[in-house]
Amino acid sequence: MKELEKLLERIIQRININLRELEYDVSPFIKNLVPLHQMVKFYAFYGITPNHPLDLVFRHSSLAGSYFLGKIRTRNSILYKSDIRGDELKQKGDVFQYQKFEIPITRDEGIDIEDSFLIKTLVHNFSHDPETLEKFFIRDTVSTHYANIHGSPIDGCFLGPFATVDLTSMRDCVIGTFSYVQAGEVGHLNVSPGTVWVRNPDEFNFLYRHPLNKLNHYINFIAGRLPQGFLMDFVDDRKEGFQRVFNAVNLEQSFPVPSNASLDRYAVIKPKTHISENVLVAQRAYLQNAWLGKGANAQENCYIINSRLEGCNVTAHGAKIIEADLGKNIFVGFNSFLRGRADSRLTIGNESIIMPHTIIDIKKPLTIPPEHLVWGLITNSQELASNSMTLKDFSKINNGLIKGNMSFEGNGAGFVTAFRERIHHILEANGAFFDGNKNRGHAQKNQNISFNTIQPYPDGKLQGLYPAIVIQP
Amino acid sequence: MSDYLVKELMVPLSEYATVLEGSTLFDAVLALEKAQEEFDHTKYKHRGVLILDKNKRVIGKLGQLDVLRALEPKNEDSGKIKELSQFGFSYNFVHKIRKQRRLKAAPLKDLCSKASKLKVEDFMQAPSEGEFIEEEASLEMAIMQLVMGRHISLLVTRGKDIIGILRMTDAFAAVFHTMKECEN
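Chains as they are written, first to last, in my numbering: chain H, 1 to 473; chain X, 1 to 184.
One chain only, chain H, in its complex shape (with noise of 0.2 Å):
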């Protein structure tokens, strides 16, 4: 296990000198965060498409339990229980537009991951930096549990529990607990806990901030600590039902599934869940009791319990739905948790957006009407009154706006236009459309994957570590 000590080592100090500028030591956070013996527990696997590109590289890394699919490298890191998708990555021929730039793809674009620490973190879509292209890469950087990296190229970055970086290109900077954050570019910024983002330069800017007293019950974060608070206990709870998915070879489906959608062998589906067409359920996903309509999608991380969802709904990496009703075309934004009681329950109403990283937990029925945004968190209609608008008068702002903790400065219609065409495309891309011809998504070309799994160093100096290996077809 000493080589594998060594690599932790190694990606601490290299992550220590990107954040001398913050004078932010991330050792006192991760360096007892995953025991290093937990490492050769797990296999890492892979899958095999012939929709995807299958080119895996990975050198000097230790893998425990991670996912890869596409064309991907890991060098020199250590990936605990991580997702990295590579199936919305650019091919080669593509054209990508940025600005007035049509900017043509020269070769298939991977994922690069080097000197880097990923525990429990999900890696997905592409880069949207027009410099780099070809690769996206995650550069000297630890992100922690049910992180997310979306899109987003990052080189030096520390990522707390549950934050998430989204179509971002980011350098050396530090994403508390919690936080999302989705800017274009920024570099050298300690953005604190709680923090929601969401910035078009010269169109809007959009920042709302978690009161911190009543954030740290769902999750907080001290060093020397593993993450503590309702979500983690909530996903603690759940955890037995993945052990058994993770551990079978083989799994009989137990419920009809239509041909048209996709159940991935790695969710966990528990009794009395309906799958209808064009749905798209993807690994780690926790179904109990869901009805899911036609096109609707559940992503990596997501819980969906004793809930129903009318259809087209996005329901984004890591969000949680408990004991609610969506209308149609809802957006769920990443890491959401949305709890109504069976008693109690949580009804949304069409179109609505839910931002990403917005906290419901009520204990009487709370009803959103349709074509809402809503944000923050909140427990009650008094709280909903301020963390939330229609989508109309939000389109009406063209100057500025505080609402509670709330700011936006900007054009508003065009922050709502630009959250209706990312939906659209998220739909598409995952196949909601599809009319059995034309349209075809996630949901259809993750149908027939094949799995690999591929095994640590048992003992020994290398315990842990991987040897190099290469897959290709």
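Just so you know, not all the hints are guaranteed correct.
As the list claims (entries may be wrong) - Cβ-Cβ distance ranges computed for the label pairs, FRET-style:
(1) A418(H) to K45(X): 55 to 65 Å
(2) T106(H) to S128(X): 47 to 57 Å
(3) T178(X) to G187(H): 39 to 49 Å
(4) S128(X) to E23(H): 12 to 22 Å
(5) Y24(H) to K114(X): 32 to 42 Å
Claimed, not checked - Cross-link-like lysine to any residue pairs, in silico, SDA-like; alpha carbons within 25 Å at most:
(6) K96(X) to L401(H)
(7) K74(X) to N405(H)
(8) K99(X) to N398(H)
(9) K396(H) to Y91(X)
(10) K104(X) to I397(H)
(11) K403(H) to K82(X)
(12) K80(X) to I222(H)
(13) K80(X) to L212(H)
(14) K104(X) to V95(H)
(15) K82(X) to L189(H)
(16) K396(H) to V94(X)
(17) K96(X) to G414(H)
(18) K82(X) to S192(H)
(19) K80(X) to H188(H)
(20) K135(H) to V95(H)
(21) K104(X) to S395(H)
(22) K96(X) to S395(H)
No lab work stands behind these hints, which were simulated from the structure alone. Note that beta-carbon positions come from the ideal geometry of N, C-alpha and C, so glycine has one too.
Add chain X to chain H, keeping to what the hints say.
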């Protein structure tokens, strides 16, 4: 070189407003008032107070801006507003929020009454490396330090001791005088 030396232009420490560490802002304002009354060498009045430790060594300067800063309403929003520019919000937007917050804050009288009890060391500025100048230095050197460091005064030293303060107004008065001489 000019004919002026720093020691000829400075205000000696004994004539400048000083208070001991641990004093309140109100003590500092009273000390400033007293020093201004007693000091009539020029039409330019003192605009700051020096903070001394128990050994009578200068540990900081308290300017008018520092006192005004103490009047700014403080609550948990202060930090958040400060951070808005870091997140790319425009000057106008941040200014608008500050204005709204100011309008909601307590009246000036209440803010003054609260601020007068605050300790000077919480608002003073510790002198930086470029804020010291030897008493034998020339006016040119003093001007260079004032301009480069954007200081409003320099602490004048003799060996290890601070013996006075050279204010920007003192340097300016000397320059003004020289200009007039050149023209005549």
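Tested hints:
1. At roughly 56 Å, the beta-carbon separation of A418(H) and K45(X) lies within the given 55 to 65 Å, and the hint holds.
2. Take T106(H) and S128(X): their Cβ atoms lie about 52 Å apart, and the range 47 to 57 Å holds.
3. Taken as a hint, the range 39 to 49 Å holds for the pair T178(X) and G187(H), whose Cβ atoms sit roughly 48 Å apart.
4. Roughly 20 Å separates the CB atoms of S128(X) and E23(H), a value that falls within the hinted 12 to 22 Å.
5. Range check, Y24(H) to K114(X): about 35 Å between beta-carbon atoms, so the 32 to 42 Å window is met.
6. Restraint check for K96(X) and L401(H): the C-alpha separation of about 10 Å stays at or below 25 Å, so the hint holds.
7. At most 25 Å may separate the alpha-carbon atoms for a hinted pair to count; K74(X) and N405(H) meet this at roughly 17 Å.
8. About 20 Å separates the Cα atoms of K99(X) and N398(H), which keeps this hinted pair within 25 Å; it holds.
9. Distance hint between K396(H) and Y91(X) is fulfilled; the C-alpha atoms sit about 22 Å from each other, no more than 25 Å.
10. For the given pair, K104(X) sits about 24 Å from I397(H) by alpha-carbon distance, which is consistent with the 25 Å threshold.
11. Taken as a hint, the K403(H) and K82(X) pair is honoured in the structure, with Cα atoms around 17 Å apart against an allowance of 25 Å.
12. With a CA separation close to 22 Å, the supplied pair K80(X) and I222(H) stays within the 25 Å bound.
13. Proximity of K80(X) to L212(H) is assessed by CA-CA distance (about 13 Å); at most 25 Å being required, the pair is judged to hold.
14. Only pairs whose Cα atoms come within 25 Å are accepted, and K104(X) paired with V95(H) is rejected, the gap being roughly 53 Å.
15. Under the criterion of a C-alpha separation no larger than 25 Å, the hint pairing K82(X) with L189(H) is consistent with the structure, at around 14 Å.
16. Distance check on the hinted pair: K396(H) and V94(X) sit about 20 Å apart at the alpha-carbon level, within 25 Å; holds.
17. With a CA separation close to 22 Å, the supplied pair K96(X) and G414(H) stays within the 25 Å bound.
18. Taking the CA atoms of K82(X) and S192(H), the gap is about 13 Å. The hint holds against a cut of 25 Å.
19. A C-alpha spacing of about 18 Å is found between K80(X) and H188(H), which places the hinted pair at or below 25 Å, so the restraint holds.
20. Only pairs whose Cα atoms come within 25 Å are accepted, and K135(H) paired with V95(H) is accepted, the gap being roughly 15 Å.
21. Restraint check for K104(X) and S395(H): not satisfied, since their Cα atoms lie roughly 28 Å apart, outside the 25 Å limit.
22. Distance restraint check for K96(X) and S395(H): the Cα-Cα separation of roughly 21 Å lies within the 25 Å cut-off, and the hinted pair is therefore satisfied.
When held up to the earlier numbered hints, the structure conflicts with 14, 21 and fits the remainder.
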